[in-house]
Amino acid sequence: MLRLLKYLRPYRGYVVLVLALTFLQALSTLYLPELMAHIVDTGIVEGRVHYIIRVGLIMLAVTILGGVAAVGAALFASQSAAGFGKILRSLIFRHVESFGLREFDLLGTSSLIVRTTNDVMQVQQLVNMMLRMMILAPLTSIGGIIMAIHTNGRLALSMVVVIPLLGVTVWGVLSRGIPLFRVVQTKVDRLNRIVRENLAGVRVVRAFHQEDYERQRFYEANLDLTDTSVRVFQMMALMMPLVMLIMNWASVAIFWWGSLRLSHGALEVGALMAFIQYFMQIMFAVMMVSMMAFMLPRGQASALRILEVLDTEVDIREDQKASVLLTPPVTELTFDHVTFYYPGAEEPALADITFKARAGETVAIIGGTGAGKSTLLNLIPRFYDVKSGSIRLNNIDIRDLPLSALRAEIGLVPQRPVLFSGSILDNVRYGNLTASEAEAMHALDVAQAWPFVSQMPGGLHQEINQGGANLSGGQRQRLAIARALVRQPSVYLFDDSFSALDYKTDAALRQALRRETGSAIVLLVAQRVATIMDADRILVLEDGRLVGQGTHAELMETSAVYREIVASQLSPEEIA
Amino acid sequence: MSTNQDRSSQQNPPWGRRPGPMGFGRGGPGFAMPVEKAKNPRSTAVRLLQQFRPYRARITVVFFAAILSTIFTIWSPKILGDATTVLFEGFIAKLRHMPGAHIDFTAILRDLAFLAFLYLISSGFSYLQQYVMAGVAQRMVFHLREQLMEKLNRLPMRFFDNHPHGEVLSRFVNDFDNISSTLQQSLTQLITAIVTFVGVTVMMLTISPLMTLAVAITLPLSFILTTVIARRSQRYFLTRQRQLGEINGHVEEMYTGHPIIKAYGHEERAIEHFEAINERLYVSSWKAQFVTGIIFPLMNVIGNFGYVLVSVLGGVLVTRRAIQIGDIQAFIQYARQFSQPITQLASISNTIQSALASSERIFEILDEPEEPADLAETVPASPTLGHVRFDRVSFRYTPDKPLIEDFSIDVKPGSTIAIVGPTGAGKTTLVNLLMRFYDVDRGAITIDGQDIREMPRDTLRQKFGMVLQDTWLFHGTIRDNIAYGRPNATEADIVRAAQSAHADHFIRTLPDGYHTVLNEEASNISQGQRQLITIARAFLADPPILILDEATSNVDTRTEIAIQAAMRSLMQGRTSFVIAHRLSTIREADWILVMNQGRIVEQGTHPDLLAAHGFYYDLYQSQFQKAVV
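Going line by line, the protein sequences match chains P and F. For the first sequence, my numbering assigns the number 1 to the initial residue and increments by one for each residue that follows. For the second sequence, my numbering assigns the number 1001 to the initial residue and increments by one for each residue that follows.
If you are wondering where the hints come from, they were derived from the structure by calculation, not from laboratory data. Here the structure is a predicted model, which is why all the values come from computation and not from measurement. Hints are supplied without guarantee of correctness; some may be wrong.
Example chain P residues on the side facing chain F (calculated, C-beta under 10 Å, incomplete) [claimed, not checked]:
1. 40
2. 59
3. 66
4. 143
5. 146
6. 150
7. 153
8. 154
9. 232
10. 243
11. 255
12. 430
Stretches of chain P that chain F covers, calculated by requiring three or more beta carbons in the stretch to come under 8 Å of a beta carbon on chain F [what the hints assert, rightly or not]:
13. 188 to 201
14. 541 to 554
In this text, a Cβ means the ideal position worked out from N, Cα and C, and glycines have one as well.
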């Protein structure tokens, strides 16, 4: 947490102001009882009405001053806290944007989202609270103690007993209660999981007539949760009564000792009244500090998760030294004994892969799940770097190229066709911001997307929901293909991009693509044999190794793995 | 996700919040945030209160404990004030050297002892009240949860199809959470606030009507302040909420689309957009925080204003001998407590309203129409042959959209019916009807000559085995998942079923074998393997009739072969309804139902249908013919 606080630096001035203003605020609250003591000890005892009114006016001024200081402190505190959140959020987002896929695998996409949004918000709120309460409470208690000692030193000694007692009580209850709250949370999660399973599996539950079993499962979880909750809340019920009792009894005791001292003439009545008020203010401050001590760990957990993101080193970055120029078009793509391990993996994801693809060629990659097909494609735009061997474009190692120049030559259509919120045109133009509407329409046409796009009420300008939720899988895939086409890259990477299309569209699309991609290099990953049968070359991958290479006809002769895949998908007459 | 932190700050802390005698007034920012309100608050409140009926006795205890505790709290400043007066008078007398002047310590001690006793009693009652309420609130929510779960079990499938799961789930999560914390806190707070307000007013009036009037002047001030700030802050919170949603949405979109952003080099654009929202969020964020941040100081200023008034006015009155010095002391405490109920009431009413909205959402589900009960007189179950007949069946999901009209089919035991059609053609409708997830509108479905509506649902459903595309597995071991349909199955039975389903091999390669716990997303096994487990489950249940969905997307070749073989052997000797995707299955089926847009458009055998050159012919051409390039 402390490490994060350095991002408050731009708000240094504000923080100092908050400190000063909070100090003023605390002073004003503490000064009031002192003034009231004057009213009692001087004004009332001596019966001076004017004096009372004059002191009253001073009290009013002090009050207003305190209020203004408090509002000022709130203003600067909230601006600093929100500013801190803004800076942190932006820092994380920028850093994550520079991540490669390795870093995403490491931390997890959904976890990264939570860290950028929720965790920052947690920390921001903690900072705000720190700036407000955690400054005010200690200032108040310190000031209160000084004032109390100033009023009567001997009486102030009582606090040595009461403050620790109160602190220990609050801490004692909370340290038992808070862990239980965490237990409650896990039990809530369990209950929710059962409900979620029941909702998702309602047909199965009913089909197997397991309603009673499920009800029992729910009942147990529900009862368990209830029992724990009751225990937590019953324990927490102790807190306030106990705290109030300690404070009230302490004030009774102080009153007694005070009146004894008063009879010796060591104290005046007003001072005693003021003293009790100081005492209460200090007690509340102590209580708040103890409570806040329990808020810190929550913020601390968030802070650690944020730091983990910020501390993640980016593996592949835009290298300033990389100044080799790539002159488009790319005419040759070479994999030269490429081996690749995922971080921490024992087995290579790809081992010793060597092949060449030339301009105008279509190279297809086939193999089972986990064979390394997508991995192979992901190495080309340097989402990951190879462990050994090299990937070359026009005989230049891609690691010697500026990242942007490399990626400008690549049109990737990923396995999950990610679309962004915006219009269809926006999404197509994502591939090439300068593309005209006509070019976009052409790309959509080639991608076999025009028929459904033109039928949409908004046509080219139809808005797409986040993630393309209002489109079917096949439609999303076709838009993703159009996005790659409009880029006019020299290397196309299709990562199982036709899987959601029916055979008819698939065939038409590939025919159109063949014309469009012309002299480009096309790398195509697929599960369906029919999709790749006509490729110039087919690479058969198994467990990260290249076990066959050739045309469909050649592989049918030479590769057992390939034959097995084919046999599982096509009927005999189709294979021929 | 985005509302999490607001929910937590919106709820009161788990420990009670009670006004201290002289300390900070803790109105809390609870009222500052916008809440959802119930459509029909009164009847919902009545219904919620009815839920309290079993706890009448305990609730009474809670009420009296709350009232007593508050009364004692209110009484105590007066006693302390009396003691102060005794002290002061003795002190003054001594100061003026009056004869026989002394401080009456016996009187003070008596007062203080009584005070200590009062404090003890007050804390005791306060503890009692919270302790009992904890049990009542949690148990009541427990029963509500049970009621809701029971209800879900009796709801027709229509309900689940028409309500997003997340929406129902959120009632179990957020709404119950909301209700229990409100019951725990706000109800007793409400009582305390009212009693405090009345009690303090009475006490103040008995001391000095004039000073009471002075303090009352501050009341409208705090009232106006509260409403003005609340209105503002609600606006800021709404804006902040919207912008939080916006930025969360953007982050989610950009992170999930990360490879694309990288590949197309649009990092800068993503950052630019992010910074724009971030800047707006910053503004609304500090404003919302600021507005809630100043409530407490401003209330404090008003409180101190009252404090000054009391000190001055009281001082003057004491010099005129109209009141005692101890009264000032007591009055200062009362004045502090006076404005708190007002602030509290605003926040309590907000909490209660939002809890009522939550209760209403739960009652809505409880009021949903239920599935008709099974007929009482049931025919004794006889071994099933699997002779299924649809006899002039008509069915619609919505009355104005005709779907299945006058449909008849006679399925001989052991035969296979293939259901084909494009995605989204409503192929599950037949499943829904067969399993009585929905009842037919007209006509009848019979199994071995018996109308399925005359069978108890569980007898009917035992006759069926289902392997659907969205494989449902629960969080538990593989073993338990397979045994789901027959909890009393032996280990040998389970292994045999897994073997038949071609699942035994892969299960044994897992680190814990059959005792591997499937996690919720089941990311520890593949989609295809999940399907194999559901096939094993069907094998174990050994039903005479099968409903299968062949769709196997995202399945690798090897597993695909295993699934195919497992399904084929599962279908041996059973009447099967197959939502078919494979050419071989369709060709071998005894009868084909062709569906499009929810309706059965054609039926017949493969050669017949091809010869008819209709919809099936087109479908066949486009989907199953070898793609020509």
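Now for the hints, and whether the structure bears them out:
Taking 10 Å as the C-beta cut-off, the interface hint given for residue 40/P holds, the closest approach to chain F being about 7 Å. Look at residue 59/P: its Cβ gets to within about 4 Å of chain F, closer than 10 Å, so that hint holds up. The restraint placing residue 66/P at the interface with chain F holds, with a minimum CB-CB distance near 7 Å, inside the 10 Å limit. About 14 Å separates the beta-carbon of residue 143/P from the nearest beta-carbon of chain F, more than 10 Å, and the hint is not met.
Contact between residue 146/P and chain F, as hinted, is not supported at the beta carbon level, the nearest pair being about 18 Å apart and thus beyond 10 Å. For residue 150/P, the suggested interface contact is broken, since its CB lies about 19 Å from the closest CB of chain F, more than 10 Å. Taking 10 Å as the C-beta cut-off, the interface hint given for residue 153/P is violated, the closest approach to chain F being about 20 Å. Taking 10 Å as the C-beta contact cut-off toward chain F, the hint placing residue 154/P at the interface is violated, the least distance being around 17 Å.
Residue-level restraint check for residue 232/P holds (minimum Cβ-Cβ distance to chain F is 7 Å; threshold 10 Å). The restraint placing residue 243/P at the interface with chain F holds, with a minimum CB-CB distance near 9 Å, inside the 10 Å limit. Hint on residue 255/P holds. Least Cβ distance to chain F is approximately 6 Å, under the 10 Å limit. Annotation: interface hint on residue 430/P holds; nearest CB of chain F at approximately 6 Å, less than 10 Å.
Check on the region 188 to 201 of chain P: 11 of its residues sit with their Cβ under 8 Å from a Cβ of chain F, so the three-residue criterion for coverage holds. Counting residues of the region 541 to 554 of chain P whose C-beta sits closer than 8 Å to any C-beta of chain F gives 0, which falls short of three, so the coverage hint is violated.
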